[in-house]
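Q: So you can see what is in the structure, the chains are spelled out below.
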Amino acid sequence: MIEIKNIRKKFGKLTALDNVSVSFKRGECIALLGPNGSGKTTLIKSLLGMVVPDSGTIHFDHELITGKWRYRSRLGYMPQIGRYPENMTIAQVLDMMKDIRKKEHQQYDEDLVKSFGLNNLMQKKMRTLSGGTTQKVSASLAFLFKPDVLILDEPTAGLDPLSSELLKQKIIKEKQAGKLILITSHVLSELDDLVTEVFYMQEGKLAFHKKLAVLREETGEHKLSKAIAKLMRVQEV
Amino acid sequence: MKTLLPIYTLLIFLVTAGGELEAKTIRVGKSRTVQAIQKAIDLAIDGDTVLVDPGLYQEEEIFVQKSIILKGINYPVLDGRNKYGIIRVNARDAVIDGFKMQHSGRSEIKDIGALMIYDSYRVVAINNILDDTNFGIYVQNSTNCTIKNNFLTAYGKNEVQSGNGINCWRSDSLLIIGNKITGHRDGIYFEFVTNSLTWRNISRKNIRYGIHFMFSHHDTYIGNVFEENESGVAVMYTNNIHMYNNHFLNNWGDATYGILLKDITDSEISGNHFTRNTVGIHMEGCSRINLYKNAFYNNGWAIKVQASCDQNSFTSNNFIGNTFDIATNGSLVLNSFDGNYWDKYEGYDLNRNNTGDVPYHPVSMYSMIIDSNPASLMLFRSLIVSLLDKTEKVIPGITPENLKDEKPLMKSLPL
Amino acid sequence: MKKIFKYVLVDIVQNKIVLIYTLLLLVISLSVFNLENNASKGLLSLLNIILIIVPLICIIFSTIYIYNSAEFIELLVSQPLKRRTIWLSIFSGLSGSLCLAFFLGAGIPILLYHADPTGIIMILMGLSLTVVFVSIAMMAAGLTRDKAKGIGVSILLWLYFSLIFDALLLFLLFQFQDYPLEKIMVFVSFFNPIDLSRIQILLKMDISALMGYTGAIFREFFGNTTGIALSFAGLCAWIFFPLLTSLKKFKSKDL
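Chain order of the listed sequences is A, B and C.
Going by the numbering used here, the first sequence opens with residue 1, and the numbers climb by one from there.
Going by the numbering used here, the second sequence opens with residue 1, and the numbers climb by one from there.
Going by the numbering used here, the third sequence opens with residue 1, and the numbers climb by one from there.
If you are wondering where the hints come from, they were derived from the structure by calculation, not from laboratory data.
All values derive from a computational prediction rather than experimental measurement.
Please note that a few of the clues may not be correct.
[Claimed, not checked] Short derived list, chain C residues pointing at chain B, Cβ under 10 Å: (1) ILE108; (2) ILE155; (3) PHE165; (4) PRO180; (5) VAL186; (6) ILE217; (7) ALA233.
Positions of the beta carbon are idealized from the N, C-alpha and C atoms, including for glycine.
Work the whole structure out from these sequences, hints included.
A: Written as structure tokens, this is what we have:
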């Protein structure tokens, strides 16, 4: 579904992406992992068209995305830190997004809005919301338009355990519905039940891209965190 | 016309009072026995009236040398065909009333007036319309003459070729009343004219000055309007003039003044309105002039006082909406400015006596800068200029420190 | 385009700073008109507000707003929208709301107390300067990534247009005062939107003084229809040039 070929991106002297090629398929839930500054966010942003790669190509459903914008109607994005116009209410933000994407979608997926209990907070202004509530809004927005691809940047950061669990359930549900899901997270333990593939980056390069099952087999560890740790140790040696 | 009838009666009475013969009236017209005005005048004797029917009269210069009343009915047209003067008067007690004089001639050698009055006494020119004349009414060496309610229009293109509207030279005790003058070189011009009154005239859109005089002492100017003249008004080398309640309006341009006072001394200027002039009053070499209760509204510069002026006093005037109030070119101040209203005054009045407690300095620094560097006017009212001006107000460096109003009024005067 | 514009506008209109700005303008305008016993003096006091405060508030508020909206802009970019649409919507939202603030705060009092050509040209110039400085802020914010640096650049730009430019000009006028500089001054004034606006207001306010000396040249140029049209074209250029520069930059910008 997404084909990334040889993309490179430099910010000044820093190489954020160094000749990365990868393809993501429908129905997978992929964990984008790696230390800070390894290029995960840059990769996501390249997918979203926020960052323009210096070279290389990205195809979305066999279509080159450079300079295109319509393909994004099939994407749902939940940013790491969501900030919204501070004087808008939650209702206005939702309305605005619906307004923006009106043509393509008539029905909305409001599961998360309901389960997070945002309905009771609709008239609250964005600047009065806690970080967690803002994240709930971001998450709800990502799922609202039933996108084919979900890109979630640190989705559970700042969420309380209950909401975190709700979000996980939702992710699983969407995965089963055959959507492509990309997740970055530092809390590896959370990803155990979710992911089907692991995509590990280091210093702008792809370290490895493996099925979770394969990874577990290779390392003999069930827990994702331990498996990764083991693999890294092996590589260092 | 009706209202003026008693005056004629009186005039006729005066003219005929001393005469030994019964006054008669000679009528002139196309359908009458006398068809030329000059012929009627030749037939008349002192005290007679020559009454002219309406119509076009193309005679060469008509000469009046007798004490007669020459009166037109419904403005008979006297046409100079751009060759001749139209009426020439050299008489005592003559009246020229109700004619339309047009297309008078012009000469390079001497000034030709449409209506020339010379070496005369008590001549009256009243209710005439002068159209397309070079010099309009020309008074020379005459005394006690009255020029009243005449309507003078010329179409001068440049200063050199046009003549003045009412031009008076070496005369005394004239009355110039209620005339309307436009399109001439100078609307009214006096040279060596003394003890005269100029009252309620309107002089506008002339190609040089609205009024221009020199060496004309002891004259009085009341209630005249001088508007949109190319160079405003200029008066020179004269003492003892009295100007009351005149209006100087909309005189715009480089070297254009509401009034230019050059070497004027011992005079009174009061109750006048100076509105929307580039410079309201420009004074050079003036002494002992009292300027009080004048209104200066929306002028570029209300008053420019050159350093050559001394002992002039400016009191109880209103200065409102002028870009600059006072400008001067020196640091020595020999004139007094007291008890005026300045709208730019920012002081306070703690004892509530309607007089500001701190003096007002009416000279702004930037006006002095503009004086030396005119192009800098473009930066006027910019932040840098406001800052410079404010600094100068606190620490005067360029502006004359002594030029100040110690008793600025808090409220404008009802002028 | 219209959709985002609407929401940005609603957001900014409710912004505290904009509300305070509107009230401040309103209080200043009402007090200058009520305290001064003649309205034209009040107008004069307002002139400084329009030429100094309006550009300052507009450029700083817009710059800060753009930086604070960085994440929101990211969110919008991740939506099926053209970048051009997003940027222009933010620009129109900012200029629309600040123009509204100016009109409510200063425009209406001017219309109430001084609805003559001078008053109307002042309102027009205030509105133009608002849009021009929003546009310049978009450029300053678009060209620098760092917020503190961007705000610094904005303040410097404001300082340049409202003070330094004129100070330099004054200096040059005195350096070259033996040369006829009037025509050059006319030309140079196009390089500063504040000067362009100020001259248009001067032409209404100080026409009597402008008629003397070199005034004739200024009036000949700025006073006739072509001149007025050219000044407005100049102001429009000051709106479009920075805006298009920032748009070009934004289109290829990494967020």
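Q: It remains to establish, for every hint, whether it holds in the given structure.
A: Structure-based check of each hint:
| no. | hint | result |
| --- | --- | --- |
| 1 | ILE108 | 23 Å, violated |
| 2 | ILE155 | 14 Å, violated |
| 3 | PHE165 | 9 Å, holds |
| 4 | PRO180 | 8 Å, holds |
| 5 | VAL186 | 8 Å, holds |
| 6 | ILE217 | 9 Å, holds |
| 7 | ALA233 | 19 Å, violated |
Consistency note: the structure conflicts with the earlier hints numbered 1, 2, 7.
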